[in-house]
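With chain A fixed as given, assemble chain B onto it according to the hints.
Chains A and B are the protein sequences, given in the same order.
Residues 26 to 434 in my numbering are what the first sequence lists, from first letter to last.
Residues 151 to 558 in my numbering are what the second sequence lists, from first letter to last.
Just so you know, these hints were derived from the structure itself, not from any lab.
Please note: incorrect hints may appear among the correct ones.
[Said to hold, decoys possible] Far from chain A, by Cβ distances over 12 Å, these chain B residues were calculated: (1) Lys298; (2) Cys348; (3) Cys367; (4) Gln399; (5) Glu515; (6) Ser529.
[Claimed, not checked] Straight-line distance between alpha carbons at most 27 Å, and here's what the computed DSS-like set of lysine-lysine pairs gives: (7) Lys225(B) - Lys209(B); (8) Lys496(B) - Lys29(A); (9) Lys543(B) - Lys464(B); (10) Lys399(A) - Lys225(B); (11) Lys281(B) - Lys430(A).
[As the list claims (entries may be wrong)] Coverage of chain B stretches by chain A, computed from C-beta distances (three or more under 8 Å per stretch; other residues unrestricted): (12) 168-182; (13) 223-235; (14) 238-244; (15) 275-281; (16) 417-426; (17) 488-497.
Backbone N, C-alpha and C define an ideal beta-carbon position, used for all residues, glycine too.
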Amino acid sequence: MPEKLDKHTLNNGMVVLGEPMENVASASFNFLLQCGASTLPEGCCGASNLITDWLFRGAGKRDSRQLVDALDGLGLHRNSNTTSSHISLSASMEASNLSKAIDIYSDIIISPLLDARQFELSKQLSLSEVMGLDDDPRTKVLLKLAEQFYPDPFGRPAVGRIEDLNNLTPAGTAEILKERFNLSKAIFSVAGKYDFDSVCAQMEKLFDLPQPAFPVKIKTKTSGSKYLHDQYEGAQVHIGLMTKTVPMSSPDYYNAMAAVSVLSGGMSSRLFTEVREKRGLCYAVGANYRSLKDYAGISCYAGTTPDKAQETFDVVISEFDRLRKDITQDETQRAKVGLKSSLIMQSESSSSRAGTIASDYYLFGRVRPIEEVKEKLQQLTADSIKNFLNNNKFEDYTVVTIGPKKIKA
Amino acid sequence: MDFIQKKLENGLTIVAEVNPRALSAAVGFFVKTGSRDESPAVSGVSHFLEHMMFKGTEKLTALQVNEAFDRLGAKFNAFTSEENTVYYAAVLPEYMEEVTDIWTQLMRPSLRDDDFDIEKNVIKEEIAMYKDIPMFDVMDRCRALHFKDHPCGNSVLGTEQSIDDLTSEQMREYFTRRYAPNNMVLACCGNIDFKKICDLIQTKCAGWQKDKAGRTCEFYNGSLEKKFSQKETLVRDHICLLSPAVSMQDKRRFAMSMLSMIIGDSTGSRYFWSLVDTAIAEIAGMQCESMDGVGVMYSYIRCSPDKRELVMQKLNDIFKEINEKGVTEEELQKAKNKVLSALTVKSEQPMGRLTSLGFNWVYLEQYQSVTDDINSIRSVTVKQVNELISEFKPGCFTQLSIGPGKTD
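The following block holds chain A by itself, in its conformation from the complex (with noise of 0.2 Å):
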């Protein structure tokens, strides 16, 4: 596979990242900005979901009906997306379009018209969302968990807290944009048919305005509680737990993701295997890697009818234990494969590989070429992902269920 990727600084410090691929007729492309849930101030959580809805009505010369009619018709497939670092901001089109929609994308970044009325309707559909999570147990159960496992204000929901949102200004919330849409500390990546000296040259021209530095300042304070229950009359018990692990900074990151695809990887895995297809305890059950850049942990779901519900806990958990003691040659084997099977497919798609050139250079400082990936992947064996997790064992859970019933953890 012909590998390559462009990059260029702009004048105001923004990185532009590139990978050209072959075969495809799409470019997609992302800004990550750094306004992210855990940048924001005390109270204020959620402001970053709202903006994401904010910016997109009206900006340059342009109102909230033109704007949307301007990006439906070059026929953008768009995503807005707050993590705990960033704004992300990725659209994929049909790669002609590329040119018009980095020039919509400037005015929206650069010039949002930030309507007072328009903000009112942004709150509201932000506040809604948080009142939907209530229907929606599963989802809540995850976010709860980030924000009991990690360190506040890193596991901060995203989406936001009903008592802060109401608290936001049309003021105060552009305040908050203007501070951290910071051009300097930006970074775009785009992926798939393109011309980088044209996309260079073009957002060297709109991008063209030196910002002073603003310096997010992050206090850390601890974790939540280990257990927490939120009593819920629906059908089942959903099920979410945390582990410490390494970031994705670390050397042993390939064997952390080789540990969780031997755990939950394929459907041959241990959780699945053990949970599922032995006991009949969930129809849903599985573990993730997640990763901020300086915390990181192996996550875990499972929904299942409140009678079972402590079996499923318990035998999820003595799956993580028995992990660092008898890992084989053939489950390291179907893990390396898998992950390589992910990693290539992965590479097909624009839209994929703009979203990981770009986190790849926040996380590392640099884009991993696929083909490093994939050797550090080939090196992997039953005793380095052993002798890792022995020197990183897990130690204790941050446990979150809602449900009819609790649970002993």
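Okay, now just chain B, sitting in the frame of chain A:
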């Protein structure tokens, strides 16, 4: 990209779209069976059977099956709808024959009693899981309300009771009839060696016995009833609307899906401007689902219970206006652009092509390339869309709402 097709003597059809430049390959067995093909006595059997197909053969245990797939790094799964059960896998090209080989073995499963008993629990957990997802719950129940006695109203999951009552004997009988080779299509695409796949299928599947599968297909306009159902644990209202639409066999299905985008896409649609942009509802969307001989337009709306009346009023205004004035050229153009770029992105991966390749054969015995689809979408006219509005009247719908209580 080349299209190739072959039919075995027992009726099993192989269709392939070969793209030597792809980095991966995908394969799937498409079985023309689902909940609409079930009698009330075996409600939920299609979906339960889909789970059981992974439990192995005379030679393979369930764990060996899962290990075999995972050893190839396969992204594999299956799904069951009202009228299709699809088993698929995406792999790197070097594993394509092996993964196809596993599927051919699994399509003749042993359906052991002890596996059947354990899996019953998993199915019942799945039923419980969906009860906690109000969007699914309201759409499933609205579908039953809309279709009444028409088989498309049958629940895919069945009920806890119907699953409890189901026997492995009944499942085996259903399997023999519905998983006959003449009722199945094998689709594959991406970087594949068609000849090798064909040789493999010939060796492994030529001995499968034909059977009478069949299906009753009648168009149905829907009951158009309206109901509210109270569920005290909820905090939002969840509203589902269903109205009739064209079938998969109807060439106007591209125009129909444009209409559903104009009314209810997640951005820039009539629903969006009237309900979401104004924060009256937080979610409002419409989709068109064309099926065998019948079709529906689905809407799902989520809002605060005190906004339900306002939502209904706004919906009436939207449908009144679209009935009287139809859609505009500009709206249609935007809908086309959105569909075309989504199609471009999706088609870049073999897995993204697989379902469209398979379903085109299942319903139409026809190959539609990405270019064919693009042309079909481009050729839709405002006149065609407006004619569909007059004929299918999207403003006349079946409605089910669930929420914490009556507010009026």
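We went through each hint and held it up to the structure:
1. Lys298: 26 Å, holds
2. Cys348: 24 Å, holds
3. Cys367: Consistent with the label, Cys367(B) stays out of reach of chain A, its closest Cβ about 31 Å off (over 12 Å).
4. Gln399: About 28 Å separates Gln399(B) from the closest Cβ of chain A, which puts it past 12 Å; holds.
5. Glu515: 28 Å, holds
6. Ser529: Nearest chain A Cβ is 17 Å from Ser529(B), so the label holds.
7. Lys225(B) - Lys209(B): 23 Å, holds
8. Lys496(B) - Lys29(A): 23 Å, holds
9. Lys543(B) - Lys464(B): At roughly 17 Å apart (the allowed maximum being 27 Å), Lys464(B) and Lys543(B) satisfy the hint.
10. Lys399(A) - Lys225(B): With Cα atoms ~18 Å apart, Lys399(A) and Lys225(B) stay inside 27 Å; holds.
11. Lys281(B) - Lys430(A): Answer holds: Lys281(B) to Lys430(A) is near 16 Å, not above 27 Å.
12. 168-182: Three-residue rule met by the segment 168-182 of chain B, so holds; n is 4.
13. 223-235: holds (count 4)
14. 238-244: Check passed, 3 qualifying residues.
15. 275-281: holds (count 5)
16. 417-426: holds (count 5)
17. 488-497: Held - the segment 488-497 of chain B has 7 residues with a Cβ nearer than 8 Å to chain A, which meets the minimum of three.
When each numbered hint is compared with the structure, no violation occurs for any of them.
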